[in-house]
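J.: Residues per chain are reported as follows:
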Amino acid sequence: MVETPRPRRTFRRPSVIPGFGISFGYTLTCLGLIVLLPLAGLVVKASGLGLSGIWDVATDPRVASALRISFGVSAIAALVASTFGFLVAWVLTRYRFPGRKLVDAAVDLPFALPTAVAGIALASLYAPDGLVGAPLARLGIQVAYTPIGIFIAMVFIGLPFAVRTVQPLIAEIDKEIEEASATLGATRIATLTKVVLPPLIPAVLTGFALAFARGVGEYGSIIFIAGNLPYVSEIAPLLIVIKLSEFDYGGAAAIATIMLGISFLTLLAINLIQAWSRRRFGYV
Amino acid sequence: MSEIFSPISVPAAKPAQAASEGAATRGVLIGISVTFLALFLVLPLFAVFTQAFSKGIGAFLDAFREPDAWSAIRLTLTVAVIAVPFNVVFGLAASWAIAKFEFPGKALLITLIDLPFSVSPVVSGMIYVLLFGSQGLFGSWLIDHGIQILFALPGIVLATVFVTFPFVARELIPLMQEQGTAEEEAALTLGASGLHVFRTVTLPNIRWGLLYSVLLCNARAMGEFGAVSVVSGHIRGLTNTIPLHVEILYNEYNFVASFAVASLLAVLALITLVLKSFLEWRFAGELAHGRAH
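Taken in order, these protein sequences are the chains called A and B.
The first sequence begins at 1 in the working numbering and counts up by one.
The second sequence begins at 1 in the working numbering and counts up by one.
Be careful, since some hints might not be right.
[Unchecked claim] Interface residues of chain A toward chain B, partial, derived using beta-carbon atoms under 10 Å:
(1) Phe24
(2) Thr27
(3) Val35
(4) Gly53
(5) Trp55
(6) Asp56
(7) Ala58
(8) Thr59
(9) Ala116
(10) Ala121
(11) Leu229
(12) Val232
(13) Ala256
(14) Leu267
[Unchecked claim] To spell it out: a stretch of chain B is covered by chain A in this simulated footprint if at least three of its residues, at any positions, have a beta carbon under 8 Å from a beta carbon of chain A; those stretches are:
(15) 52-64
(16) 69-81
(17) 122-130
(18) 146-157
(19) 174-185
[As the list claims (entries may be wrong)] With beta-carbon atoms standing in for the labels, derived distance ranges:
(20) A/Gly72 <-> B/Leu61: 41 to 47 Å
(21) B/Leu195 <-> A/Arg96: 45 to 51 Å
(22) A/Arg278 <-> B/Arg207: 20 to 26 Å
(23) A/Leu37 <-> B/Ala186: 55 to 61 Å
(24) B/Pro104 <-> A/Asp248: 26 to 32 Å
(25) A/Leu136 <-> B/His145: 52 to 58 Å
(26) A/Gly261 <-> B/Ala284: 38 to 44 Å
Everything labelled a hint here was simulated from the structure, so no lab data went into it.
By construction, the Cβ of each residue, glycine as well, lies at the ideal position given by its N, Cα and C atoms.
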């Protein structure tokens, strides 16, 4: 009896291209040692505290206030960033004007400029004697060392996320649909709100979520302008730094876990939005 | 609307106009956008340079006569020289494995590689403190063996590698996926060795994408503040990178020196932006899809 050779079941689909073992192994090793193992250390530390331990930290008045400020201000900043981000993306994609390319490149400035540099620059601009801070102070608005300062810094770092998520989709809109809508007698406003905007909503929400998540975790560009007064303008990441410098690793891990938990929920929301968008519109 | 149907008028004119905003609306929207960007993005950059030179060029140069400034510059360059090549090798390996082969769990692997982007910089530094700090998991073992990771170069490099981990991989994976495996397979069939194929077929195909990602990776590696600040210990002249030196000078109310050193990083950011825009303009087709605009 001749046994027919059964095809061997393999982890990866067979291919003539060499180097899977070494590249895959190296990838997993680096990922494990640099990203997963250290993050697992955080999980171990946090689970050592237990849910009640984390709850105790979260309900500490100073921590609760810092979390409220981080998440609250970031939500407002992300709203402003995604609103203006949409406008900027629209203007950059649809209109032609001198200097458009330069303006487009400038959108990425917050990605390229180190956060500490942005931080001291914003602090000097919005200080009560600064270029922008002085006129605002005369109007009775104090920006630096208040939550408004945190808001300004968060808009700064969130803006490119908001612009860059919607920009490619605006570029892909089929102009013929708009023209059809116009030919059928719709006003420009009606065409925009009923035809153009609805498919863009998922991208705008994704941009909002990215800007929000970035704002919550941001440290460098905020601490200089915020002034860091406990209960007034102290953000959660700064409180982690303070706890670490006091060797309160448990407290720091608890705050980080709460922040990661909420960020994870935000990411999950993005993925759900994108999945829904793929079903509804056929693209992300 | 009747003129649309009249044979004399140009039929396309009316819908084309109605399919866009009027000139006045355009002008207002462009004005709002440009003003907003100028106020929020460009003004801070402008402020860095005006503050740096506010007491004249002499005061600006004085900031660089300090040995601490030079040791910060040296440390930042050292960290970048280690972290960027590490991420290039990792990015090449990861994109080769993920783009050229089919295996289960690929989406999960890509998500895990992207993970550092969604972790707060402060938390990125903190996880290494939890591992290697004196109260950390391996803390006492490290002390017993006299190995210094935290508040020293290894810790700063680790934190920097963590925050820049996805840069190269996330640019090269989609790029290699778009390019497929046909060219490599052809070369292999003709008898070329694997390494030879990688060098002469794959690498030339991805070179601009690789350069693009190295630019962004380097900018972040040299400018990282939060993560490095947590693991560095702020030892003057020893573990201060350029961004940390900027912070210390600022907190000492030495504003001119602080902005002078910061202007170095601002120039680096500007160079990065110019090169990035150039690559997007000149080699749009050879970068990962969706980057060209």
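J.: Could you run down the list of hints and mark each one as holding or not?
T.: Hint check:
1. Phe24: holds, 4 Å
2. Thr27: holds, 4 Å
3. Val35: Constraint on A/Val35 satisfied, holds at 6 Å.
4. Gly53: violated, 15 Å
5. Trp55: violated, 19 Å
6. Asp56: Violated - the Cβ of A/Asp56 stays beyond 10 Å from chain B, reaching only about 19 Å at its closest.
7. Ala58: violated, 16 Å
8. Thr59: Result: violated, 21 Å to nearest chain B Cβ.
9. Ala116: At 4 Å from the nearest chain B Cβ, A/Ala116 passes the 10 Å test, so the hint holds.
10. Ala121: holds, 4 Å
11. Leu229: Status violated, d = 16 Å.
12. Val232: violated, 19 Å
13. Ala256: holds, 5 Å
14. Leu267: Constraint on A/Leu267 satisfied, holds at 6 Å.
15. 52-64: violated (count 0)
16. 69-81: violated (count 0)
17. 122-130: Satisfied; 7 residues make the cut.
18. 146-157: violated (count 0)
19. 174-185: holds (count 3)
20. A/Gly72 <-> B/Leu61: 41 to 47 Å: Given range 41 to 47 Å: holds, Cβ gap about 44 Å.
21. B/Leu195 <-> A/Arg96: 45 to 51 Å: Distance hint for B/Leu195, A/Arg96 holds at roughly 48 Å.
22. A/Arg278 <-> B/Arg207: 20 to 26 Å: violated, 32 Å
23. A/Leu37 <-> B/Ala186: 55 to 61 Å: 40 Å Cβ-Cβ, so the 55 to 61 Å window is violated.
24. B/Pro104 <-> A/Asp248: 26 to 32 Å: Hint violated: Cβ distance 42 Å, outside 26 to 32 Å.
25. A/Leu136 <-> B/His145: 52 to 58 Å: holds, 55 Å
26. A/Gly261 <-> B/Ala284: 38 to 44 Å: The hint (38 to 44 Å, Cβ to Cβ) holds, given that A/Gly261 and B/Ala284 are roughly 39 Å apart.
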